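Undergrad: Below are the chains, spelled out letter by letter.
There are 2 protein chains.
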Amino acid sequence: MVDDGGFDVAPPAGGTVRDLLRAAPGGPVDLGAIGPRSTPGLPDRLVTGPDRKGWARRQVGLVGAGLARQQEMLFAGAKADPDAGRRVLLVLQAMDCGGKDGTIKRVVGALNPLGVRIRAFGPPTAEELRHHFLWRIRRALPPPGYLGVFNRSHYEDILVPRVQARAPEQVWRPRYAEIEDFERELTAAGVAVVKIFLHISNAEQARRLLARLDDPTRHWKYHPSDVDARARWDDYQTAYAELLGGCGTDAAPWYVVPADRKWYRDWAVAHLLRETFDTLALGYPPADFDIRRERERLVATGQAAKVNGS
Amino acid sequence: MVDDGGFDVAPPAGGTVRDLLRAAPGGPVDLGAIGPRSTPGLPDRLVTGPDRKGWARRQVGLVGAGLARQQEMLFAGAKADPDAGRRVLLVLQAMDCGGKDGTIKRVVGALNPLGVRIRAFGPPTAEELRHHFLWRIRRALPPPGYLGVFNRSHYEDILVPRVQARAPEQVWRPRYAEIEDFERELTAAGVAVVKIFLHISNAEQARRLLARLDDPTRHWKYHPSDVDARARWDDYQTAYAELLGGCGTDAAPWYVVPADRKWYRDWAVAHLLRETFDTLALGYPPADFDIRRERERLVATGQAAKVNGS
Numbered sequence: 001m002v003d004d005g006g007f008d009v010a011p012p013a014g015g016t017v018r019d020l021l022r023a024a025p026g027g028p029v030d031l032g033a034i035g036p037r038s039t040p041g042l043p044d045r046l047v048t049g050p051d052r053k054g055w056a057r058r059q060v061g062l063v064g065a066g067l068a069r070q071q072e073m074l075f076a077g078a079k080a081d082p083d084a085g086r087r088v089l090l091v092l093q094a095m096d097c098g099g100k101d102g103t104i105k106r107v108v109g110a111l112n113p114l115g116v117r118i119r120a121f122g123p124p125t126a127e128e129l130r131h132h133f134l135w136r137i138r139r140a141l142p143p144p145g146y147l148g149v150f151n152r153s154h155y156e157d158i159l160v161p162r163v164q165a166r167a168p169e170q171v172w173r174p175r176y177a178e179i180e181d182f183e184r185e186l187t188a189a190g191v192a193v194v195k196i197f198l199h200i201s202n203a204e205q206a207r208r209l210l211a212r213l214d215d216p217t218r219h220w221k222y223h224p225s226d227v228d229a230r231a232r233w234d235d236y237q238t239a240y241a242e243l244l245g246g247c248g249t250d251a252a253p254w255y256v257v258p259a260d261r262k263w264y265r266d267w268a269v270a271h272l273l274r275e276t277f278d279t280l281a282l283g284y285p286p287a288d289f290d291i292r293r294e295r296e297r298l299v300a301t302g303q304a305a306k307v308n309g310s
Numbered sequence: 001m002v003d004d005g006g007f008d009v010a011p012p013a014g015g016t017v018r019d020l021l022r023a024a025p026g027g028p029v030d031l032g033a034i035g036p037r038s039t040p041g042l043p044d045r046l047v048t049g050p051d052r053k054g055w056a057r058r059q060v061g062l063v064g065a066g067l068a069r070q071q072e073m074l075f076a077g078a079k080a081d082p083d084a085g086r087r088v089l090l091v092l093q094a095m096d097c098g099g100k101d102g103t104i105k106r107v108v109g110a111l112n113p114l115g116v117r118i119r120a121f122g123p124p125t126a127e128e129l130r131h132h133f134l135w136r137i138r139r140a141l142p143p144p145g146y147l148g149v150f151n152r153s154h155y156e157d158i159l160v161p162r163v164q165a166r167a168p169e170q171v172w173r174p175r176y177a178e179i180e181d182f183e184r185e186l187t188a189a190g191v192a193v194v195k196i197f198l199h200i201s202n203a204e205q206a207r208r209l210l211a212r213l214d215d216p217t218r219h220w221k222y223h224p225s226d227v228d229a230r231a232r233w234d235d236y237q238t239a240y241a242e243l244l245g246g247c248g249t250d251a252a253p254w255y256v257v258p259a260d261r262k263w264y265r266d267w268a269v270a271h272l273l274r275e276t277f278d279t280l281a282l283g284y285p286p287a288d289f290d291i292r293r294e295r296e297r298l299v300a301t302g303q304a305a306k307v308n309g310s
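So the sequences go chain by chain: A and B.
Sequential numbering from 1 applies to the first sequence in UniProt numbering.
Sequential numbering from 1 applies to the second sequence in UniProt numbering.
Bear in mind the hints are in silico, worked out from the structure with no lab data behind them.
Check each hint, because a few of them may be wrong.
Identical copies carry no separate label here, and so any pair may be met within one copy or between two of them.
Stated by the list, open to error - Below, in silico cross-link-like pairs of lysine-lysine (DSBU-like), each with a Cα-Cα straight-line distance of 30 Å or less:
| # | residue 1 | residue 2 |
| --- | --- | --- |
| 1 | K79 | K221 |
| 2 | K53 | K221 |
| 3 | K262 | K221 |
| 4 | K79 | K262 |
The structure displayed is predicted, hence computed values, not measured ones.
Work the whole structure out from these sequences, hints included.
TA: This is the structure we're talking about:
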C-alpha cells in the first residue's frame, strides 16, 4: 500500500500541475523532450508503488468530489449574477487513441453531471462547412455556471487541413490569429479556458489501435482512416508542436499531459481542472431573501412541527 | 452488514421495478395510496438493515457500470446505423425538493458522461413563449445513441398553467393530446421514453425546504415562491394524479418512485433505467472493415514489434 495521506487530496510535488505541464508559448514546443510515460508532480514512491493505479483512482475521486462542490458554487454564482458569464471550458486534443474519451469518462465522470456540458466535434457536416469554422464552436459553448468539455475542438480546423493538405496554408494559417482573438473574447466574457493536449507515444498508439482490432466490443471505435492518419504521425506532431507553442496565451494556456499511463493522465487532468477552479475563488452567493421571514412562512404552511424532530 | 450478494446486482424482489412502479393509465392515480417512504422491490431485510444506504449506493454503482456498457452499445449502434434513431429519454418530474437534482447527481453520475445529455427546463423565456410549448423540448432531444435527461419537462406546461391559474383550461387541456401525439412520434423515431415522478410527502418537503433555509451553502436553491407553490400542494397533487394517469401510454409509461428515502429513490431510478435499456436488446455492431487486413496495415506502420510484448 502506498501511503497516500488517507482520505485527503495529496498535493502535487514540485509546484502546481499547471506550472509543471504548461506549454511554453512563443515557438514550437519540443514534444520529443516530454516523455509520454513521465509523471510530473508525482513523487517517485507513488509512481513505483504497486497500488499506483488504485491510488490515482482514489485521488481522482477525491479531487472530483471537491470539484463538484466548486461546480455548485459556480452554478449558484451564475444564477445570482448571470451577466458575469463565469464558466469553465476544458478543451481536449490528442492523436487518435490519445485518451480523450477515457479522460472524460474517468475525470469528468467524477464531477456532478448536472453542471457539465460535453460536446464532441467530428469532421464538419455540410451545414457546418457553409459557416465560418468557429460557428459550430460558438454554438456549443457552455452557458454561464457550467463546465463545458470539448472533445476535439476548433484546433482540428488548423490540424486537419494542414496535415491532410486539404486546404492551402493561406486558409489555415490565419486561423491562428482568429482563434487567439476568439479565446481572448471568451476570457473577457468570463470563460476560464483550459486547453489540454494528451501526449502519447507512437508505440502506445500502435498498442491501443491493435487492442481495438483484437476486441470485438471495440471495433466500433476503429476506422481504417486511423492507420492513414498514423502514417502521418510526424506531420501531426510537427503541427501540434507549433500549435501548442503558438496558440497559448496567458489567459488560455496549453498544457501537455503525458498520457501513455492512463492513471497519471487522469490524475493530472483532475488537478488541472481543480487548479483552474481554484483561480476563480468561488463562494456561495448570499441569500437574496429574508431568511427569518421565509422560515416563518414555511412553518405556517403546516407539517412544520415534524420538521425539527426529524 | 447486509448480505447483498457480494459484487453482483441484486435483482428486485416481486417483479421488475417497471412493473412494480408503473402508474396505471386510464384515470387519476391514487397518490395517497402510494407511501412516499415505501420501498417496492426491496426485501424487508434490506430495508431495515443498518447498512441499507451503503448497500443501495453500491448497488447503484453496479447498475451504473452495467448501464455504462449499454450506453456504449447504444452509441456504437447509432454510429453504425444513425437512421434507426435509437436513444433513451429520461423525464424527471417532482414537487420542489422532490430530488430531481440529487437523482441526476447520484444515478446519472454513475453512468458514462460521454453518452449523456442533460437539460433543465425553467420557466419559459420570452423567446420560448413566442413558440409552441414543445418547441424548446424538441430542440433539447438527445441525438441518436445518447441518453437524454430532462430535469422538468413539457409536463410543466400542463401543471403550472393549471395550478397557478395562469391560463384557462382550454389552453392547457388540449396539451394532453398534443403530448401524447408527441411522445408517440418520439417512440416511432426510436426514442425509449421513461417518465418518472419522484413522489415525496408534504412533511418531507417541509423538512427539505427548512434544511435549505438553515444551510448558507444551500440558500441559492431556495426561492420564496417555493413556499407559495407549497401552499398549493393539494392542487399540484391533484394535477399530478390526473397527469400520471392520463399521459402514460404503453410506449411512454409513467413510473411513480417513492422518494422520501433518497437511497431507495436512487436504487429504483437506476433499475428503471437498466430495465429500459434491457428492452432495447443492445449489442455491439459488427466491424465494417476487414480486420485481418487492418491488422497488417497497422503492423506495417512500425513500432508493432513492441505491440505484442507490452
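Undergrad: At most 30 Å between C-alpha atoms: does K79 with K221 qualify within a copy, between copies, both, or neither?
TA: Intra 39 Å, inter 10 Å, cutoff 30 Å: inter-copy only.
Undergrad: Treating 30 Å as the Cα threshold, decide for K79 and K262: within, between, both or neither.
TA: between (36 Å within a copy, 26 Å between copies)
Undergrad: Within a copy, between copies, both or neither: which one fits K262 and K221 at a CA-CA cutoff of 30 Å?
TA: within (18 Å within a copy, 37 Å between copies)
Undergrad: Is it within, between, both or neither when you check K53 against K221 at 30 Å Cα-Cα?
TA: Result: close within a single copy only, 25 Å intra versus 37 Å inter.
Violated hints: none; the structure is consistent with every hint.
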